[in-house]
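The task is simple: from the sequences and hints, build the whole structure.
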Amino acid sequence: MHVNKNWFVKVVGFVGLGVASGAALAETPVSMWVHSGPGPEREVYAAAVKSFNDSQKDIKLELVALPEGSYSDQINAAALARKLPCILDFDGPNVYNYAWTKKIIPLDDFAELKPIKADLLPSLLRQGTFNKKLYSVGQYDSGLAIWGNKKLLTKAGIRIPAKVSEAWTFAEFEDALKKLKAAGVAYPLDMKFNYGFGEWFTYGFSPIVQSFGGDLINRNGFKTAQGAINGPEAVRAMTTLQNWTKNGYVNASTHDDGDFVKGTAALSYVGHWTYSDYKKALGNDLVLIPMPKFGKKAVTGAGSWNFGITADCKDPRAAAKVIGHLMSSAQILQLTDVNGAIPGTMTALKASKNYAAGGPLAIYAEQATEHVSLVRPETPAYPAITSAFAEAVKNIVAGSDVKKELDKAAKKIDQNIEDNNGYPVK
Amino acid sequence: MHKALKTSEPYRIMTSNPALTSGASAPSIPSSAKRKGRLTPWFFAAPGLTLLLLFLVLPFLLALVLSFTDQRLVTNEEIGTHFVGLRNYIRLFDDDSFWAALRNNFFFVVIVTPIQSALALLLALLVNQKLAGARIFRTIYFMPVATTMAVVAVVWSLLYAPDQGVINRLVGVLSFGMVGPQDWLRNPTLVMPAVMLLSIWQGVGFQMLVFLAGLQSIPLDLYEAAKLDGATARQQFLYVTLPMLKNTTIFVLITTTIYAFQLFTQVQIIANSGTPAPVDSFRTMVMLMVQEGFSNGKIGYASAISVVFFLIVLAISLVQRLLLKEERAV
Amino acid sequence: MSAVPFQPSLGRSKMIARVLQYALHIALVLFFLFPLVFMFVSAFKGDELQLLKDMGSMMAFVPHGDVSGKNFASVFSSSSFRQAFFNSTFTVSITVILGILVNSMLAYALARFRFRGRTLILTAIIALIIIPFEAIAVPLLMLVNELPWFSGTRGWLDSYQVQIIPFVAHAFSIYLFYQFFIALPKDLEEAAMMDGASRLRIYWSIVMPLSKPVIATVAVLQFLSRWGDLLWPVMVVRGDNYATLPLAMQTFFGQYPRHWGEVMAFAAMATLPTLSLFIVFQRWFVRSAISSGVKG
Numbered sequence: 001m002h003v004n005k006n007w008f009v010k011v012v013g014f015v016g017l018g019v020a021s022g023a024a025l026a027e028t029p030v031s032m033w034v035h036s037g038p039g040p041e042r043e044v045y046a047a048a049v050k051s052f053n054d055s056q057k058d059i060k061l062e063l064v065a066l067p068e069g070s071y072s073d074q075i076n077a078a079a080l081a082r083k084l085p086c087i088l089d090f091d092g093p094n095v096y097n098y099a100w101t102k103k104i105i106p107l108d109d110f111a112e113l114k115p116i117k118a119d120l121l122p123s124l125l126r127q128g129t130f131n132k133k134l135y136s137v138g139q140y141d142s143g144l145a146i147w148g149n150k151k152l153l154t155k156a157g158i159r160i161p162a163k164v165s166e167a168w169t170f171a172e173f174e175d176a177l178k179k180l181k182a183a184g185v186a187y188p189l190d191m192k193f194n195y196g197f198g199e200w201f202t203y204g205f206s207p208i209v210q211s212f213g214g215d216l217i218n219r220n221g222f223k224t225a226q227g228a229i230n231g232p233e234a235v236r237a238m239t240t241l242q243n244w245t246k247n248g249y250v251n252a253s254t255h256d257d258g259d260f261v262k263g264t265a266a267l268s269y270v271g272h273w274t275y276s277d278y279k280k281a282l283g284n285d286l287v288l289i290p291m292p293k294f295g296k297k298a299v300t301g302a303g304s305w306n307f308g309i310t311a312d313c314k315d316p317r318a319a320a321k322v323i324g325h326l327m328s329s330a331q332i333l334q335l336t337d338v339n340g341a342i343p344g345t346m347t348a349l350k351a352s353k354n355y356a357a358g359g360p361l362a363i364y365a366e367q368a369t370e371h372v373s374l375v376r377p378e379t380p381a382y383p384a385i386t387s388a389f390a391e392a393v394k395n396i397v398a399g400s401d402v403k404k405e406l407d408k409a410a411k412k413i414d415q416n417i418e419d420n421n422g423y424p425v426k
Numbered sequence: 001m002h003k004a005l006k007t008s009e010p011y012r013i014m015t016s017n018p019a020l021t022s023g024a025s026a027p028s029i030p031s032s033a034k035r036k037g038r039l040t041p042w043f044f045a046a047p048g049l050t051l052l053l054l055f056l057v058l059p060f061l062l063a064l065v066l067s068f069t070d071q072r073l074v075t076n077e078e079i080g081t082h083f084v085g086l087r088n089y090i091r092l093f094d095d096d097s098f099w100a101a102l103r104n105n106f107f108f109v110v111i112v113t114p115i116q117s118a119l120a121l122l123l124a125l126l127v128n129q130k131l132a133g134a135r136i137f138r139t140i141y142f143m144p145v146a147t148t149m150a151v152v153a154v155v156w157s158l159l160y161a162p163d164q165g166v167i168n169r170l171v172g173v174l175s176f177g178m179v180g181p182q183d184w185l186r187n188p189t190l191v192m193p194a195v196m197l198l199s200i201w202q203g204v205g206f207q208m209l210v211f212l213a214g215l216q217s218i219p220l221d222l223y224e225a226a227k228l229d230g231a232t233a234r235q236q237f238l239y240v241t242l243p244m245l246k247n248t249t250i251f252v253l254i255t256t257t258i259y260a261f262q263l264f265t266q267v268q269i270i271a272n273s274g275t276p277a278p279v280d281s282f283r284t285m286v287m288l289m290v291q292e293g294f295s296n297g298k299i300g301y302a303s304a305i306s307v308v309f310f311l312i313v314l315a316i317s318l319v320q321r322l323l324l325k326e327e328r329a330v
Numbered sequence: 001m002s003a004v005p006f007q008p009s010l011g012r013s014k015m016i017a018r019v020l021q022y023a024l025h026i027a028l029v030l031f032f033l034f035p036l037v038f039m040f041v042s043a044f045k046g047d048e049l050q051l052l053k054d055m056g057s058m059m060a061f062v063p064h065g066d067v068s069g070k071n072f073a074s075v076f077s078s079s080s081f082r083q084a085f086f087n088s089t090f091t092v093s094i095t096v097i098l099g100i101l102v103n104s105m106l107a108y109a110l111a112r113f114r115f116r117g118r119t120l121i122l123t124a125i126i127a128l129i130i131i132p133f134e135a136i137a138v139p140l141l142m143l144v145n146e147l148p149w150f151s152g153t154r155g156w157l158d159s160y161q162v163q164i165i166p167f168v169a170h171a172f173s174i175y176l177f178y179q180f181f182i183a184l185p186k187d188l189e190e191a192a193m194m195d196g197a198s199r200l201r202i203y204w205s206i207v208m209p210l211s212k213p214v215i216a217t218v219a220v221l222q223f224l225s226r227w228g229d230l231l232w233p234v235m236v237v238r239g240d241n242y243a244t245l246p247l248a249m250q251t252f253f254g255q256y257p258r259h260w261g262e263v264m265a266f267a268a269m270a271t272l273p274t275l276s277l278f279i280v281f282q283r284w285f286v287r288s289a290i291s292s293g294v295k296g
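Protein chains in written order, with the numbering used here: chain A, 1 to 426; chain B, 1 to 330; chain C, 1 to 296.
Because the hints were derived from the structure by calculation, they are not lab data.
In this text the structure is predicted, and so the values were computed from the model without any measurement.
Be a bit skeptical, because a hint or two may be false.
Dumping the calculated DSS-like pairs for lysine-lysine here, alpha-carbon to alpha-carbon at most 27 Å [to be verified]:
| # | chain 1 | residue 1 | chain 2 | residue 2 |
| --- | --- | --- | --- | --- |
| 1 | A | 117 | A | 102 |
| 2 | A | 179 | A | 151 |
| 3 | A | 83 | A | 179 |
| 4 | C | 14 | B | 227 |
| 5 | C | 14 | A | 262 |
| 6 | A | 179 | A | 50 |
| 7 | A | 181 | C | 53 |
| 8 | C | 14 | B | 130 |
| 9 | A | 114 | A | 296 |
| 10 | A | 114 | A | 132 |
| 11 | A | 114 | A | 50 |
| 12 | A | 280 | C | 14 |
| 13 | A | 192 | C | 53 |
| 14 | A | 57 | A | 117 |
| 15 | A | 83 | A | 151 |
| 16 | A | 246 | A | 296 |
| 17 | A | 223 | A | 102 |
| 18 | A | 102 | A | 83 |
Here it is, written out as structure tokens:
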């Protein structure tokens with residue numbers, strides 16, 4: 001049944017070399033892992049691999065798509081087994097930990113990647129940099145705001161903000177929820193709890209904490225989470241979230257991805273990746289609403305999945321060539337046109353129709369340029385931070401005591417930092 | 001059961017009889033082959049011993065050692081691995097999640113062990129009756145045991161669906177509408193009972209067979225004698241069946257208890273079922289160990305959990321030995 | 001079914017008892033069968049909405065509407081069921097076969113030879129029975145990751161051997177074999193030895209053929225514990241290539257969007273082989289349950 005493909009490829013490769021004695025039969029295999037999330041990326045990646053393999057004869061790119069839920073466990077296990085693929089697709093904020101544990105190597109020295117580095121969106125450049133070296137490049141940055149169903153919102157008499165400066169205040173936002181509920185929308189706000197436990201909880205809900213004035217960790221030196229993740233602002237933010245579920249504004253137990261398209265929700269708090277599905281379902285009724293100002297200012301998430309080259313890679317130069325191909329404007333736009341994300345290079349961004357002024361997704365770009373977006377903590381402790389925070393969120397929406405859960409998260413994060421001697425960098 | 005227990009008798013005789021252990025008992029080996037003969041037992045024993053040492057004894061000792069270190073899953077050369085004394089244990093006893101896990105295990109034991117054992121006894125008594133179809137009933141009651149636990153947990157997690165789920169509907173009908181629909185796997189107070197119900201459903205058939213074996217090994221003349229003395233059916237059950245099932249019962253209680261501490265598959269599947277209840281309301285020790293050691297890479301900490309887990313199982317086993325002392329030599 | 005512990009002797013009350021017993025049996029049969037029936041029936045419901053709607057009524061247990069093998073077909077095309085099924089069958093059967101050999105040999109040495117260290121080894125093995133696998137899983141993970149393999153690579157993660165070799169030697173199985181061998185009359189063996197047969201020959205052609213009952217017991221117990229194991233695969237296997245059924249079940253179950261009809265089809269196909277195996281070899285299972293009564 002199962003044939004170990006690597007072994008097989010190697011043997012075939014060697015035999016091929018021997019037989020053809022130097023004829024260019026042997027292709028360098030480059031393996032690549034990508035996550036198969038809820039979005040339409042999977043097909044685009046498959047097409048990108050095909051186009052790359054068809055475009056040249058020296059490198060054979062092999063794609064493995066793994067479920068997002070257990071993706072970081074898979075990476076840890078593969079690192080343990082010294083079997084990381086050549087190219088790794090991973091969620092942005094993990095880059096600091098992967099670089100610190102030497103799972104991935106710096107990209108600065110690859111000639112193919114130098115022009116890309118210069119062209120990268122500033123947010124992605126910042127995301128991919130650890131200890132002054134660039135470790136990862138992404139095809140896109142994420143956009144997080146609120147999708148609205150124009151028909152339902154108008155019917156309930158709710159003002160629809162069209163740009164960042166018009167963003168809802170906290171009171172306006174809660175008033176909108178109340179009005180929608182009264183208008184018969186079963187659960188007005190869809191917050192994608194069906195995604196389950198994972199990075200979504202941190203990516204999606206930490207901006208609420210930050211908008212209220214809290215954060216996941218004290219960013220000054222990244223040495224402690226005490227007072228940040230469990231400070232009064234964070235507690236207020238998470239209590240608010242808990243109340244939304246208690247009041248029936250949000251269905252925290254939904255298993256259904258379709259609440260918004262079916263109209264059982266009028267607002268969908270989710271990232272760019274739902275764009276094409278939503279557009280298909282709602283057509284002109286779909287509006288993109290900027291992040292509300294829950295506290296003093298609006299905050300949204302930033303950063304997204306990106307590529308790195310692993311330390312287990314036998315031929316990093318071939319891997320760099322692959323990444324070079326994936327970072328071409330054509331490849332980037334093919335992906336962002338379907339997943340709705342912000343194109344990852346300045347060149348691609350300028351060429352994008354969705355992101356042109358007045359385009360359907362211009363709000364995302366506006367949030368990025370008007371400093372509404374905030375990167376997740378740039379520290380190797382990030383995996384510990386995200387798992388502690390996500391667990392707290394999960395327990396909080398299920399009804400646990402907010403302060404107690406956040407205290408627990410703070411303790412876990414601080415223990416992790418202590419366990420790793422404060423993550424020293426040479 | 002009794003027959004099986006008796007088979008351990010020869011062992012007691014042999015190990016306690018110096019004449020047998022001195023080698024005098026094997027006169028049948030020709031003296032010319034003595035030299036070669038000395039190596040023969042090792043030839044038979046070596047594969048098994050090697051594997052036991054490598055995959056049971058060594059990891060067991062490693063667990064003890066690692067529990068005093070800050071070993072990570074993937075070692076980091078920047079900071080290395082150090083002995084940290086009792087830090088893992090101190091943190092463990094200070095960790096709410098650990099206590100919650102321990103509580104969940106104990107809750108499971110306290111409810112499941114008696115109910116599952118009693119139900120198993122009831123089933124055994126029922127299928128032991130001379131009743132047409134008893135064999136078929138026995139087969140049906142055992143069928144869940146032959147179903148993989150991961151599958152059982154998946155199927156039940158759909159049965160437990162909120163609102164219009166099968167279990168909700170059943171509970172509604174059985175309570176004549178008194179009990180409304182529940183969100184079994186998301187409600188922190190209901191998730192453990194939900195796990196318990198599916199565990200009992202899956203496991204009780206096995207204990208039923210053990211009890212059945214115990215029942216069938218009770219000599220029939222005991223009942224005849226009781227009948228002659230005018231004992232009623234109830235009296236026969238209380239004064240013949242139950243005392244004769246003492247060892248079987250102890251065995252069933254102890255193994256169910258140990259099994260309950262090993263609880264993992266069901267809760268792991270439920271944890272992966274989407275958005276379940278707060279994890280501390282159903283996470284067990286083994287699941288915590290896997291998450292800390294594997295997902296969080298804290299091998300030292302997870303080893304400390306392993307050690308505590310082992311000590312609990314050891315204590316239970318010692319209780320069993322104590323209870324069975326009169327019957328058993330080893 | 002020989003023992004009839006307490007049977008009322010009066011005809012009338014006997015009748016009532018009968019009726020009560022059957023009533024109880026019927027209730028129990030419903031309890032034990034409904035999840036299985038639900039699983040099999042749902043697996044054939046091609047219409048997901050229908051399946052979910054049916055859950056609130058008896059229709060949950062009735063195949064109706066779009067009854068088809070559609071779910072099965074998509075499980076085959078969209079999941080690694082085939083590979084997982086092969087992996088489970090392969091790893092478990094090799095483990096069981098090697099286990100029978102290795103454990104019986106060690107038990108044979110302990111039961112039939114007097115050698116230095118015998119008592120110590122025997123006592124140690126009996127003590128080892130109480131170490132549950134869960135207590136050693138974490139350090140074992142670290143250990144197997146450092147072990148070499150014949151291919152020249154280091155580390156056993158993501159392989160077949162990592163799911164086989166650590167489980168071959170099994171203290172409790174050794175103990176069961178030992179008890180059985182001890183109770184076995186020695187006359188045949190002694191006669192064979194007089195005829196000059198080697199110990200290996202005696203073990204293979206005399207002892208093992210006489211040990212079929214204990215072999216069956218050990219095989220069934222090992223099979224049940226290995227077939228259902230999720231803990232170890234979760235730790236040592238990534239991806240589909242070496243995943244066994246429980247792990248593949250978890251992965252398939254955790255995939256979004258979740259299609260319950262397909263999940264039930266996967267579950268049904270994972271269940272059917274063990275279930276039919278059990279019905280065919282019921283006697284062996286019963287016997288294993290009985291012998292496990294000596295565990296402790």
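Worksheet item: Can you name, in rising order, the numbers of the hints this structure does not satisfy?
Response: Violated: hints 3, 5, 6, 9, 12 and 15.
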